[in-house]
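Asks: Residue numbers (this note's numbering), protein chains in the order written: chain F, 795 to 1083; chain P, 256 to 588; chain Y, 30 to 473.
Just so you know, not all the hints are guaranteed correct.
Under the rule of at most 35 Å between Cα atoms (straight-line distance), these lysine-lysine pairs were calculated in the DSBU-like manner [stated by the list, open to error]:
#1 F:Lys1013 - Y:Lys106
#2 Y:Lys473 - F:Lys861
#3 F:Lys913 - Y:Lys44
#4 Y:Lys92 - F:Lys1004
#5 Y:Lys392 - F:Lys967
#6 Y:Lys58 - F:Lys1004
#7 Y:Lys392 - P:Lys579
#8 Y:Lys472 - F:Lys1004
#9 Y:Lys109 - F:Lys913
#10 Y:Lys31 - P:Lys271
#11 F:Lys976 - P:Lys577
#12 Y:Lys44 - P:Lys472
#13 F:Lys976 - Y:Lys392
#14 P:Lys577 - Y:Lys35
#15 P:Lys276 - Y:Lys473
#16 Y:Lys392 - P:Lys271
#17 P:Lys271 - Y:Lys44
#18 P:Lys579 - Y:Lys44
#19 P:Lys579 - Y:Lys277
#20 Y:Lys260 - P:Lys579
#21 F:Lys1004 - Y:Lys322
#22 Y:Lys157 - Y:Lys58
#23 F:Lys913 - P:Lys276
#24 Y:Lys238 - P:Lys271
#25 Y:Lys44 - P:Lys276
#26 F:Lys1013 - Y:Lys385
#27 F:Lys988 - Y:Lys421
#28 P:Lys579 - Y:Lys35
#29 P:Lys471 - Y:Lys322
#30 P:Lys471 - Y:Lys31
#31 Y:Lys58 - F:Lys1013
So, partial list: chain P residues that the calculated Cβ filter (under 8 Å) puts toward chain Y [what the hints assert, rightly or not]:
#32 Leu260
#33 Pro264
#34 Pro266
#35 Gly270
#36 Thr273
#37 Asn330
#38 Asp331
#39 Pro498
#40 Tyr524
Simulated from the structure, these hints should not be mistaken for lab results.
Backbone N, C-alpha and C define an ideal beta-carbon position, used for all residues, glycine too.
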Amino acid sequence: MSITIIITIVTLSLLALLSAVILYFIASKFKVYEDPRIDEVQAVLPAANCGGCGFAGCRNFAEALVKAETFEGLNCPVGGAPVMAEAARILGKEAVAVEPTVAVLLCNGSPEFRPHNTKYDGVPDCRIAHSLYLGETDCSYGCLGYGDCERACTFDALHMNPVTGLPEIIDDKCTACGACVKACPRHLLELRKKAKKDRKIYVACQNCDKGGPARRACKVACIACNKCFNVCKFEAITIANNLAYIDSYKCTFCRKCVTECPTGSILEINFPPRKAKTEAEPEGAAVKP
Amino acid sequence: MSNLLNVSPSPHVYGKETTRKLMLGVIIALVPALFASVFYFGYGAIIVTAVSVLSCVAFEYLIQRFVFRRQITINDFSAVVTGLLLAFNVPSNLPVFIIIIGAFVSIAIAKMTFGGLGNNPFNPALVGRVFMLISFPVQMTSWPVPKGFATGYLDAVTGATPLAIVKEGLKNGEPIQQLLAQIPTPARMFLGNMGGSMGEVAAAALILGGIYLLWKKIITWHVPVSVIGSIVIFTSILWLVNPEKNMDPVFHLLAGGVLLGAIFMATDYVTSPMNPRAMIIYGCGIGILTVIIRVWGAYPEGVSFAILIMNAFVPLMNAYIKPKRFGEVVKNG
Amino acid sequence: MKTFPKGGVHPPESKLTAGCPTEVLPLPKSVVIPVSQHIGAPANVIVSKGESVRTGQAIAEGKGFVSAFIHSSVSGKVSKIDTIIDTTGYRQTAVFIDVEGDEWIESIDRSEEIVTGISLSQEEIVKKCSASGIVGMGGATFPSHVKLTVPAGKKCDVLIINGVECEPYLTSDHRLMLERGEEVLIGTTILMKALNVTRALVGIESNKKDAIEHMTRLASAFQGITVCPLKVKYPQGAEKQLIRALIKREVPSGKLPLDVNSVVHNVGTAFAVYEAVQKNKPLFERIVTVTGKSLARPGNYLVRTGTPVSRLIEAAGGLPEDTGKILSGGPMMGKALANTEVPVVKGTSGIVVLPKSDSSRSKAGPCIRCARCVSVCPIGLEPYLLMTLSEKGLFEKAEQERITDCMECGSCSFECPASRPLLDYIRLGKSTVIRMARERVTKK
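Let the sequences and hints guide you as you build the complete structure.
Replies: The structure is reproduced here in structure tokens:
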């Protein structure tokens, strides 16, 4: 009996030893050298793996930061300046200041402005509806409302409003990772410069049709009438493809274009109410608190 | 209801089959076997079946209601099928508490932990059955002797299954002729008049159910035929090589759960492969493993274990065995 | 009876209009003719606002090789050139014409007489098809002259004429074969000459017994044309499935019928070719089946392109109260229309009106892995897997699983007991994979 136990112990120990030796050699043969700073940099990154930096995940971004000569063009939109400064400190490089941005929906076509004339009965997925037809309304450029952006958002910053059928962005939570921008098949989300008190002025329309069809499809469509372009003193507004566009880096928030817009497609958000003046408030501006 | 036109991607017409109808079909196909077991084992069979089905449905409801907090889908009848199959795999004198434990394991552990219908890797009824077999070996292997309606529930006279008689006999070195005298004749076995699990005894009723399933196109022939075929071929070889030590293929086919397994358990949609090629390999695997367990293993019966083992290979088979593609590039020369 | 071996389904045939002779639809007050009625580049408009046009006059010319001419289907004045929502579901450029009388261009032979002798040479036939704007009439609308041009190094030894019409409801090809059988066969002979083949097979499904008999009787007078009855099975009208069923050749994945030395044309195309070559008549009208169980007078109509769908539905007894969906094409592969002002185009084989009760999808349940989608897929793909892969965004894996071989026949969605939107996601995956592949090519 005791001899069996001894044999068992000896064979198993030898087996263990052999395996340990094999493992040791394999481990040393396949050892990959990694810059220890990659781990350090990764530790300060937000670990959201959202891909907002343009890399597959935080580790890839950390590798890129370590390899990079300068931080030019490398930015973690989620962590923002503090994280980049910390990474710069670890690597002994200069942080490049990048202005924070926030996602904005360039459509204001709630059913009240853009009546539905068909009922989509397929999978509630914007990409599928987009490849099928122009959508439940007559506008083939506007928001379809099936929430691809909501599903893409990993920061809980974007939610569909069941009344308007449009996504709403919570500015405080939005990290400008750009996931929703990529998810939208109609390219209706834009990362715009974040301003004081989350103020925004933008053209909430992407309808490239001419004025007539655009207006027929949606009451708050941009008809490219040039009025805002003419009133803007700061060259912030450009007109192309039957659409006006306000550059968020040039806009000074003078709010002249908002009052000028005949269709109310230019929205002003988070501004104090204007002094009582008739028709100053465009009808579409009240969508956000 | 709005008056707007519907727009959706094609196709715009749909077939008549629904999950619920398919499950109902399986239930209908199990009815003959249920009648047969009531006929042989009396009202015990009714008690066991009722307890099993009710507790399976109840567990599914409770879990969906209080754990998942999602839509309740017990009306797709999949839990009823699991309950029926679970009952068919146990002796008709099994105490109620064991059945409830088995139903809990089947539904809560084998099915719902993986996400419910469609996501379980192992056949829920078989997981429940094997759990009970291991945990309550005495109760699970005391088979009542079929005495028709006169059979009592818990006080039934018990006897061994033909498979157990053969296994025990061969182990003790008894000659095969002597064993043949102890087991029922093939005709009796075909009709189900022998000891065994409730649903597995009546081959005739199971075959009837199988024909119904094939006629209604609820199952395809691939799995049952390959299971039965491989068992027949394998046991025939063994029998021809040494008829003194091995039973004939007819015995192997009729005794134990081969038919129940081949027709109802192995064909379970969720846990069987997705294409004909893989189905045949899967079926042959079950057949061969069954015979190996029966002839060389510790248990007299191996269908449940064989199916569970092959269940584990299904994801692998789905990943590597592909259906024949149209226009597959055939290399010339 | 012949058929393709793998997969397929048999949806209820519902051929309500098989016995309805074709009626000529009166001219509408105005037509809207989209310039993109075919696969390939949209045609260039060559008329301007206010211009008078005559029936059969070219109003847009093909841009590049894979494109097609568009002809005016009526005589009248061009009122505007604007966009309209067409069967694709999107706005397309279209020519709006107000109808004034019905004055045809002189070159068209309007007599009823059937011209049998073929005077044109091989090249002239192809040129004529191109100039007459002939496209595949089965629904895919691939420009026919492209299919008639056999590239160097390839040869064709058999022409297949597709009279399968496997879609439920539709009967336009069926009626065409019954009423214009001889013209179809002359058209077939012209196509044979253009392709330089001596053998042609006409495949017809056996639910059209009268058409099979009629065509077989007529075909005895034509050399090299055989009519082959086929077992009823969807999607037999798909090019590759039809080739497999008739001549037992499998077109390899990603290849064309020419790679197995065959070419497939629809019976409608054969008829259009006959009219173009023998009668000098460009393609501007076609037979459209207007059908639906709720319609008062379903029927087959000879319709000028550009006629709004609403006119057709009017002719068929008006739009029923409980209409839930209007389809252009058959119910398996057709497109749901967003409104009834959509114009009829060259590829419109039918208008199907579905009542509310038949027009909504059932709620999708979990996949029970019953493998029905795998067994009905005529290509041998695994739809359940492809759906999951594209739902989860694993497009590279979907590409390996050959998602691009899917021809979107819809058999999987039709068959799924859990009503899962298999094809919706597969189509999404397929288009994404094709886009990715194109991006890869342009990057290199």
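Asks: Compare the structure with each hint and give your call.
Replies: Verification of the supplied hints:
Using a Cα cut-off of 35 Å, the hinted pair Lys1013 of chain F and Lys106 of chain Y holds, with the two alpha carbons roughly 32 Å apart. At most 35 Å may separate the alpha-carbon atoms for a hinted pair to count; Lys473 of chain Y and Lys861 of chain F meet this at roughly 26 Å. Annotation: proposed proximity of Lys913 of chain F to Lys44 of chain Y holds, straight-line Cα distance about 27 Å (limit 35 Å). For a cut-off of 35 Å, the pair hint linking Lys92 of chain Y to Lys1004 of chain F stands: about 25 Å separates their Cα positions.
Of the supplied pair hints, the one linking Lys392 of chain Y and Lys967 of chain F holds, its CA atoms being roughly 34 Å apart against a limit of 35 Å. Of the supplied pair hints, the one linking Lys58 of chain Y and Lys1004 of chain F holds, its CA atoms being roughly 26 Å apart against a limit of 35 Å. Restraint check for Lys392 of chain Y and Lys579 of chain P: satisfied, since their Cα atoms lie roughly 31 Å apart, inside the 35 Å limit. This hinted pair checks out: Lys472 of chain Y and Lys1004 of chain F have alpha carbons roughly 34 Å apart, not beyond 35 Å.
At roughly 30 Å between alpha-carbon atoms, Lys109 of chain Y and Lys913 of chain F fall within 35 Å of each other, so this suggested pair holds. With a C-alpha separation of about 26 Å, the suggested pair Lys31 of chain Y and Lys271 of chain P falls inside the 35 Å cut-off, and the hint holds. With a C-alpha separation of about 34 Å, the suggested pairing of Lys976 of chain F with Lys577 of chain P holds against the 35 Å cut-off. The straight-line distance between the Cα atoms of Lys44 of chain Y and Lys472 of chain P is roughly 26 Å, inside the 35 Å bound, and the hint therefore holds.
Between Lys976 of chain F and Lys392 of chain Y, the direct Cα distance comes to roughly 29 Å. Compliance with the 35 Å bound is thereby established for this hinted pair. Restraint check: the Cα-Cα separation between Lys577 of chain P and Lys35 of chain Y comes to about 14 Å, which is no more than 35 Å; the hinted pair holds. For the given pair, Lys276 of chain P sits about 52 Å from Lys473 of chain Y by alpha-carbon distance, which is inconsistent with the 35 Å threshold. At most 35 Å may separate the alpha-carbon atoms for a hinted pair to count; Lys392 of chain Y and Lys271 of chain P meet this at roughly 14 Å.
Distance hint between Lys271 of chain P and Lys44 of chain Y is fulfilled; the C-alpha atoms sit about 19 Å from each other, no more than 35 Å. With a CA separation close to 33 Å, the supplied pair Lys579 of chain P and Lys44 of chain Y stays within the 35 Å bound. Taking the CA atoms of Lys579 of chain P and Lys277 of chain Y, the gap is about 16 Å. The hint holds against a cut of 35 Å. A distance of roughly 22 Å separates the Cα atoms of Lys260 of chain Y and Lys579 of chain P; the hinted pair therefore holds under the 35 Å criterion.
About 40 Å separates the Cα atoms of Lys1004 of chain F and Lys322 of chain Y, which puts this hinted pair outside 35 Å; it is violated. Between the alpha carbons of Lys157 of chain Y and Lys58 of chain Y the distance comes to roughly 30 Å, so the proposed pair stays at or under 35 Å and holds. At most 35 Å may separate the alpha-carbon atoms for a hinted pair to count; Lys913 of chain F and Lys276 of chain P meet this at roughly 29 Å. The straight-line distance between the Cα atoms of Lys238 of chain Y and Lys271 of chain P is roughly 27 Å, inside the 35 Å bound, and the hint therefore holds.
Taken as a hint, the Lys44 of chain Y and Lys276 of chain P pair is honoured in the structure, with Cα atoms around 27 Å apart against an allowance of 35 Å. Between Lys1013 of chain F and Lys385 of chain Y the alpha-carbon distance is near 30 Å, which keeps this suggested pair within the 35 Å criterion. Our distance criterion of 35 Å between C-alpha atoms is met by Lys988 of chain F and Lys421 of chain Y, whose separation comes to about 32 Å. In summary, the hint linking Lys579 of chain P to Lys35 of chain Y is supported, as the alpha carbons are separated by about 9 Å, within the 35 Å threshold.
Note on Lys471 of chain P and Lys322 of chain Y: the hinted pairing holds, with a Cα-Cα distance of about 28 Å set against a maximum of 35 Å. For a cut-off of 35 Å, the pair hint linking Lys471 of chain P to Lys31 of chain Y stands: about 25 Å separates their Cα positions. With a C-alpha separation of about 31 Å, the suggested pairing of Lys58 of chain Y with Lys1013 of chain F holds against the 35 Å cut-off. Here the hint on Leu260 of chain P is kept, as its CB sits about 6 Å from the closest CB of chain Y, short of 8 Å.
The criterion of a C-beta within 8 Å of any C-beta in chain Y is met by Pro264 of chain P, whose closest approach is roughly 5 Å, and the hint holds. Proximity of Pro266 of chain P to chain Y holds as hinted, the smallest CB-CB distance being about 3 Å (cut-off 8 Å). Proximity of Gly270 of chain P to chain Y holds as hinted, the smallest CB-CB distance being about 5 Å (cut-off 8 Å). Nearest Cβ of chain Y to the Cβ of Thr273 of chain P: about 5 Å, under the 8 Å cut. The hint holds.
Restraint check, Asn330 of chain P versus chain Y: the minimum CB separation of about 11 Å is more than 8 Å; hint violated. Residue-level restraint check for Asp331 of chain P holds (minimum Cβ-Cβ distance to chain Y is 7 Å; threshold 8 Å). Below 8 Å, beta-carbon pairs count as interface contacts, and Pro498 of chain P has none with chain Y, the closest being about 40 Å; its hint is therefore violated. Satisfaction of the interface hint for Tyr524 of chain P is found here, the shortest Cβ-Cβ separation to chain Y being roughly 4 Å, below the 8 Å cut-off.
Checked against the numbered hints given earlier, this structure breaks hints 15, 21, 37 and 39; the rest are met.
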